[in-house]
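These protein sequence lines are chains A and B, in that order.
My numbering numbers the first residue of the first sequence as 1260 and each following residue consecutively.
My numbering numbers the first residue of the second sequence as -5 and each following residue consecutively.
Hints were generated in silico from the structure; no laboratory data involved.
A hint or two may mislead.
Unchecked claim - The calculated DSS-like cross-link candidates involving lysine-lysine, where the alpha carbons are at most 27 Å apart (straight line), are: (1) A/Lys1356 x A/Lys1309; (2) A/Lys1310 x A/Lys1356; (3) A/Lys1310 x B/Lys189; (4) A/Lys1454 x B/Lys189; (5) B/Lys250 x B/Lys66; (6) A/Lys1309 x B/Lys189; (7) B/Lys66 x B/Lys244; (8) B/Lys66 x A/Lys1310; (9) B/Lys66 x A/Lys1454; (10) B/Lys128 x B/Lys244; (11) B/Lys128 x B/Lys66.
Predicted model, so just to flag it, every value in this text is computed and none were measured.
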Amino acid sequence: MPQQVPRLLAVFAAAVLALIIARGFLVPDTFGDIGHFRAAALDSIVAREKKYAGHQECTLCHSQVQEIRLAGNHSGVNCETCHGPAADHVAAPMDLKPDAPRGRDLCVLCHQYNPTRPTGFPQVDPVAHNPLVPCMSCHEPHAPEPPVVPGECSACHGQIARQKAVSHHATLPCTTCHAAPEQHRADPRSVQPTKPEARDFCGACHAQDLPGIPQVNLRTHNPDYQCWQCHYPHFPETD
Amino acid sequence: MTGDENAADRDMRSPDDEQLDRREFINEMLAACGTAAPVLLGVIGVPLAARAQNLEYDPTEHSYGMGIDIQKCIGCGRCVQACTTENEVPEDPHFTNTWIERYIIRANDEVEVDSIEAGMHGFPPPSTEQGILKTFFVPKLCNHCEEAPCVQVCPVGATFTTQDGVVLVDDDYCIGCRYCIQACPYGARYLHPDKHVAGKCTFCYHRLVEGLVPACVEVCPTGARLFGEIEGQPTPLARFMRFNSLQVLKPHLNTKPRVYYANLDGEVS
Chain A
1260 MPQQVPRLLA VFAAAVLALI IARGFLVPDT FGDIGHFRAA ALDSIVAREK
1310 KYAGHQECTL CHSQVQEIRL AGNHSGVNCE TCHGPAADHV AAPMDLKPDA
1360 PRGRDLCVLC HQYNPTRPTG FPQVDPVAHN PLVPCMSCHE PHAPEPPVVP
1410 GECSACHGQI ARQKAVSHHA TLPCTTCHAA PEQHRADPRS VQPTKPEARD
1460 FCGACHAQDL PGIPQVNLRT HNPDYQCWQC HYPHFPETD
Chain B
-5 MTGDENAADR DMRSPDDEQL DRREFINEML AACGTAAPVL LGVIGVPLAA
45 RAQNLEYDPT EHSYGMGIDI QKCIGCGRCV QACTTENEVP EDPHFTNTWI
95 ERYIIRANDE VEVDSIEAGM HGFPPPSTEQ GILKTFFVPK LCNHCEEAPC
145 VQVCPVGATF TTQDGVVLVD DDYCIGCRYC IQACPYGARY LHPDKHVAGK
195 CTFCYHRLVE GLVPACVEVC PTGARLFGEI EGQPTPLARF MRFNSLQVLK
245 PHLNTKPRVY YANLDGEVS
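Between the sequences and the hints, there should be enough to build the whole structure, so can you do that?
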């Protein structure tokens, strides 16, 4: 064997050894234990302090409030949504108290009228709706209800009312097309108002020869469809 | 061990006039391995033993995801506020783990998207309602992609996917190079202004291991955000995924997001 071969081998062996030792110093501890990352990072991430205790913790002590809340309209709203982070209150219940907002600012975050909000979500105009009166003087925040039965449909169906008010159907009261049982006002979801069911209902005006009302022939005008499949009755087309 | 050292010493003393035979070569190699072994053991063995203590939570049993129902979001911003508090994100509208976008689509096909202070303090009503065809809120956050581009590009392995499907950042190891911020197609990452490392949504991993839901889900008043297991176990998310037709953001990028939307408009990307 030529002399340089063992020497080269020795050099290579030394290089490999140096590489292994260098890798030992350069690659951080626990790298690659689970995947291509430092497994110890999980420990430091898991060790982060939590600020929100979770509603399960709250109900251990505040079970009465929980019962009221679950029976009312805020049953899906967890405690810390309004009262803020409460993990420190759980740790020291007597010394650190969570927020108990009593003004109007927090309520309007959800209940101020905004057309982007889903239809049917209860919304008010905070400027016009009993200004300066704290919401909780009329509404129990844990199980809010309208304090009086709404007089107008627009109290709840504001978006529809606003659209209808600028449409060709502005002068028609809601009761022209819908019959709302009295119970619907007190308990909206128990009884639904009626809706027109057939083309003839619209035809009562639009198939007659009445001045100022667009006319169609119900027999020839797209007889396979109901009127409201193309036209939105609360905001019909202008032409 | 003593014999190995002797062999090495002999080789050191007379490197020139002595030729290595096979026996000596093997001896030297064994000596080298003997030196390297403690180093290797130190790298792999000790931390493995240390990690074995903290194993009440088994990540292999979970596969997390989030569901978002666009029709339920009221844009109150409680999720953004809670996330910022829970994760100690700086109170700066440019740096949030989650945010809410408001889409206003007008009858003349104009689309307006805004996110005022990330939606943290809610949204004022638009100046005019005239001509609005449709409008809705879209909560967004890290999609915790199964094929996460940010994980692929990280040059040091500081961002990674856990066994339960959460994409996390190793704060102590991140070098702040911003590659991941460039790579994320959803704009879900930012450079933390104080720590100078990449910041992002963690699905509140520190809460998950305790069996809690992320802070944004905890405070969502309308149930627009749901959290749970994607497969295997009956959770609110499993029900949500069963009864809704689901969309994900930018499906053509094949990132396989774990955040699923219901009732999402095609305009949203």
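Going straight from one Cα to the other, do A/Lys1356 and A/Lys1309 come out at no more than 27 Å?
-> Holds: A/Lys1356 and A/Lys1309 sit about 16 Å apart, inside 27 Å.
Assess, step by step, whether the Cα of B/Lys66 is no farther than 27 Å from the Cα of B/Lys244, and give holds or violated.
-> Between B/Lys66 and B/Lys244 the Cα gap is close to 22 Å, so the pair holds against 27 Å.
Hey, B/Lys250 versus B/Lys66, does the alpha-carbon distance stay inside 27 Å?
-> holds, 24 Å
Pair hint outcome, B/Lys128 versus B/Lys244 [Cα-Cα no greater than 27 Å] = holds, 21 Å
Decide if the proposed pair is consistent with the structure: A/Lys1309 and B/Lys189, CA atoms, cutoff 27 Å inclusive.
-> With Cα atoms ~19 Å apart, A/Lys1309 and B/Lys189 stay inside 27 Å; holds.
Take a quick look at whether A/Lys1310 and B/Lys189 sit within 27 Å of each other, Cα to Cα.
-> holds, 20 Å
Mind checking the alpha carbons of B/Lys66 and A/Lys1310 for me, to see if they're no more than 27 Å apart?
-> Within the cut-off at roughly 26 Å; holds.
Please work out if B/Lys128 and B/Lys66 have their alpha carbons no farther apart than 27 Å.
-> Roughly 15 Å separates the two Cα atoms, so the pair holds.
Does the alpha-carbon distance linking A/Lys1454 and B/Lys189 stay inside the 27 Å limit?
-> violated, 59 Å
Are A/Lys1310 and A/Lys1356 close enough, with their CA atoms no more than 27 Å apart?
-> Given pair A/Lys1310, A/Lys1356 holds - Cα atoms ~13 Å apart, limit 27 Å.
Between B/Lys66 and A/Lys1454, is the straight-line Cα distance small enough, at 27 Å or below?
-> holds, 24 Å
Checked against the numbered hints above, the structure violates only hint 4.
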